[in-house]
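Peer 1: Here is what each chain is made of, one letter per residue.
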Amino acid sequence: MPAGQTKISQEALVQFAKEKIAEELKIEVDEVDTDTTFASLGLDSITCIFFMEQIENYLDIRLNPIDFWDYPTVNSYVLHLMKTHFPQGNG
Amino acid sequence: MANRAEQKQLWSPLDPENIQNPYPMYKRLRDEAPIHRSQTGEWIISRYDDVKSILKSPLFEVGNRLNWINRSVAYFKDKSEDISQISTALQSFILLMNPPDHTRIRRWIQENWDNREVENIINENINELLSQLAPQFEVVDAFASRLPAMTMTRILGLPLADYQKLKVLGQTIIRTLDLYLTYKDLVKINEAASGFLSYFRNYLHSGKAPSEGLLKKMLDNNQLALSEDEMISIFISLFAAGEETTVSFLSKSILHLTRQPDQLDLLRNDWSLSALTVEELLRYDPPAQLLGRIATQDMDLDGFKIKTGETVTLCVASANRDERFFDRPDTLDIQRNPNRHLAFGSGIHYCLGDWLGRIQGRLAIEAFFQRFENIKVEDNELAWNSNLAIRGLASLRLSTF
Numbered sequence: 001m002p003a004g005q006t007k008i009s010q011e012a013l014v015q016f017a018k019e020k021i022a023e024e025l026k027i028e029v030d031e032v033d034t035d036t037t038f039a040s041l042g043l044d045s046i047t048c049i050f051f052m053e054q055i056e057n058y059l060d061i062r063l064n065p066i067d068f069w070d071y072p073t074v075n076s077y078v079l080h081l082m083k084t085h086f087p088q089g090n091g
Numbered sequence: 001m002a003n004r005a006e007q008k009q010l011w012s013p014l015d016p017e018n019i020q021n022p023y024p025m026y027k028r029l030r031d032e033a034p035i036h037r038s039q040t041g042e043w044i045i046s047r048y049d050d051v052k053s054i055l056k057s058p059l060f061e062v063g064n065r066l067n068w069i070n071r072s073v074a075y076f077k078d079k080s081e082d083i084s085q086i087s088t089a090l091q092s093f094i095l096l097m098n099p100p101d102h103t104r105i106r107r108w109i110q111e112n113w114d115n116r117e118v119e120n121i122i123n124e125n126i127n128e129l130l131s132q133l134a135p136q137f138e139v140v141d142a143f144a145s146r147l148p149a150m151t152m153t154r155i156l157g158l159p160l161a162d163y164q165k166l167k168v169l170g171q172t173i174i175r176t177l178d179l180y181l182t183y184k185d186l187v188k189i190n191e192a193a194s195g196f197l198s199y200f201r202n203y204l205h206s207g208k209a210p211s212e213g214l215l216k217k218m219l220d221n222n223q224l225a226l227s228e229d230e231m232i233s234i235f236i237s238l239f240a241a242g243e244e245t246t247v248s249f250l251s252k253s254i255l256h257l258t259r260q261p262d263q264l265d266l267l268r269n270d271w272s273l274s275a276l277t278v279e280e281l282l283r284y285d286p287p288a289q290l291l292g293r294i295a296t297q298d299m300d301l302d303g304f305k306i307k308t309g310e311t312v313t314l315c316v317a318s319a320n321r322d323e324r325f326f327d328r329p330d331t332l333d334i335q336r337n338p339n340r341h342l343a344f345g346s347g348i349h350y351c352l353g354d355w356l357g358r359i360q361g362r363l364a365i366e367a368f369f370q371r372f373e374n375i376k377v378e379d380n381e382l383a384w385n386s387n388l389a390i391r392g393l394a395s396l397r398l399s400t401f
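Protein chains in written order, with the numbering used here: chain A, 1 to 91; chain B, 1 to 401.
Hints listed in this document are in silico derivations from the structure and should not be mistaken for laboratory results.
Heads up, the beta-carbon is just placed ideally off N, CA and C, and yes, glycines get one too.
A portion of the hints provided could be inaccurate.
[Unchecked claim] Chain A side only, calculated, beta carbon under 10 Å to chain B, not exhaustive:
no., residue
1, Asp-44
2, Ile-46
3, Thr-47
4, Ile-49
5, Glu-56
6, Ile-66
7, Asp-67
8, Phe-68
9, Pro-72
Whenever a hint applies, use it, and build me the whole structure from the sequences.
Peer 2: Right, dumping it as structure tokens:
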């Protein structure tokens with residue numbers, strides 16, 4: 001993965017997701033484990049709507065609402081977003 | 001990680017391939033995991049016997065959706081976002097209500113309903129719409145999506161000129177029942193709810209309230225002492241519940257019969273088969289494919305522990321194709337009889353609009369295929385709406401000659 005920018009974007013996106021989840025759950029950003037499922041962290045079918053809305057607006061993209069459940073951790077979700085919306089080379 | 005992402009989930013209702021044709025997914029569910037705990041936390045039920053027994057079981061209630069909407073409204077209010085019109089508009093949706101309110105309101109609507117009058121209205125509408133069609137047309141927009149809205153507008157006694165507007169509102173608000181929504185969807189649904197509420201409020205206070213029709217009868221016979229907003233919510237539900245489902249049914253019926261000329265010929269040779277044809281089309285590809293229920297107590301279902309408050313999604317379209325119950329389930333056979341499909345559900349929530357859906361379907365199919373001798377589907381690839389809760393065509397271009 002030599003494309004440095006893609007990597008940076010991915011990290012930035014992980015960071016953004018962590019911040020939004022921390023805000024939502026009123027915990028510290030460092031407490032958001034990126035390999036724990038959203039549901040175990042405490043997000044549900046309503047809070048995820050707000051979470052996804054913030055990502056949509058941040059990246060100016062449209063998300064498929066079931067992806068939240070198909071890629072149920074910060075890491076897998078961000079990876080999925082990178083693949084589908086920012087394929088390598090365009091990063 | 002790559003493996004995980006590439007392997008399709010057993011439950012993928014938004015997957016483009018499944019939107020195009022969900023039946024292979026249903027079959028996989030029936031065969032591999034008939035009671036499936038999905039990634040979203042709901043239980044997916046796909047076999048006929050299980051779907052039917054849950055529909056009839058007092059241990060399961062409807063309304064998880066209304067409850068969910070009300071919780072969403074409260075949640076977004078905390079974020080200073082107001083989507084509360086949805087709750088107001090949906091408060092008396094009987095498809096989201098449980099006894100005893102459900103029973104009372106349902107009976108009351110039926111008491112004010114007049115089958116013969118409605119049949120005349122439908123025939124008038126069909127003739128009007130069919131006579132306007134050019135030799136080539138897009139059947140969803142030009143016919144299927146107009147008929148149910150025209151019919152309900154006339155049944156209620158509202159000005160016919162308003163039917164297009166009410167159609168769009170109805171199609172939007174029923175999206176509340178879509179499985180997974182985004183915030184932008186909720187905002188659109190809220191706008192439609194607001195549009196509906198102000199339409200009826202203005203209408204009732206304009207002094208131009210109708211002199212006849214269901215709306216007037218219901219207002220005159222308000223034994224249940226419903227508030228104005230509760231009453232309006234019922235009017236909205238009549239539009240919403242019968243709109244998208246009927247559009248879906250009419251356009252898919254035309255598609256399936258056109259594509260299966262042997263069955264269409266059978267029907268053309270014997271129009272008395274039209275009622276059975278409607279039943280078979282309802283079984284073969286029902287409009288409402290997924291119904292939600294909520295468990296009211298902890299229970300054991302074939303060894304699976306279902307807890308109070310958990311949601312089950314009943315795949316009625318899968319039940320209708322269950323080879324454990326139906327002979328040759330994937331074959332469209334308009335002479336199938338008996339035909340105990342679950343297209344309208346079963347038990348106390350059995351669709352209140354079943355008669356209206358069936359009669360519109362039967363009259364429309366008869367009139368359509370009597371008018372057009374030769375019909376050709378012009379689309380190489382069909383365009384489906386990306387929503388399995390109500391599976392319908394986005395468009396269907398036909399030429400007739």
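Peer 1: Against this structure, judge whether each hint is valid.
Peer 2: Comparing the hints with the structure gives:
At a threshold of 10 Å, the smallest CB-CB gap from A:Asp-44 to chain B is about 9 Å, leaving the interface hint in force. Taken as an interface hint, A:Ile-46 checks out: its beta carbon lies about 5 Å from the nearest beta carbon of chain B, inside 10 Å. Hint status for A:Thr-47: holds, given a least beta-carbon distance of 7 Å to chain B, under 10 Å. Checking A:Ile-49 against chain B: minimum C-beta separation of about 5 Å stays under 10 Å; hint holds.
Evaluation of the A:Glu-56 hint against chain B yields a held restraint, the C-beta minimum of about 7 Å falling below 10 Å. Of the supplied interface hints, the one on A:Ile-66 holds, with its beta-carbon coming within about 5 Å of a beta-carbon of chain B, less than 10 Å. Nearest Cβ of chain B to the Cβ of A:Asp-67: about 8 Å, under the 10 Å cut. The hint holds. A distance limit of 10 Å between C-beta atoms decides the matter here; for A:Phe-68 the minimum to chain B is near 8 Å, and the interface restraint holds.
Of the supplied interface hints, the one on A:Pro-72 holds, with its beta-carbon coming within about 7 Å of a beta-carbon of chain B, less than 10 Å.
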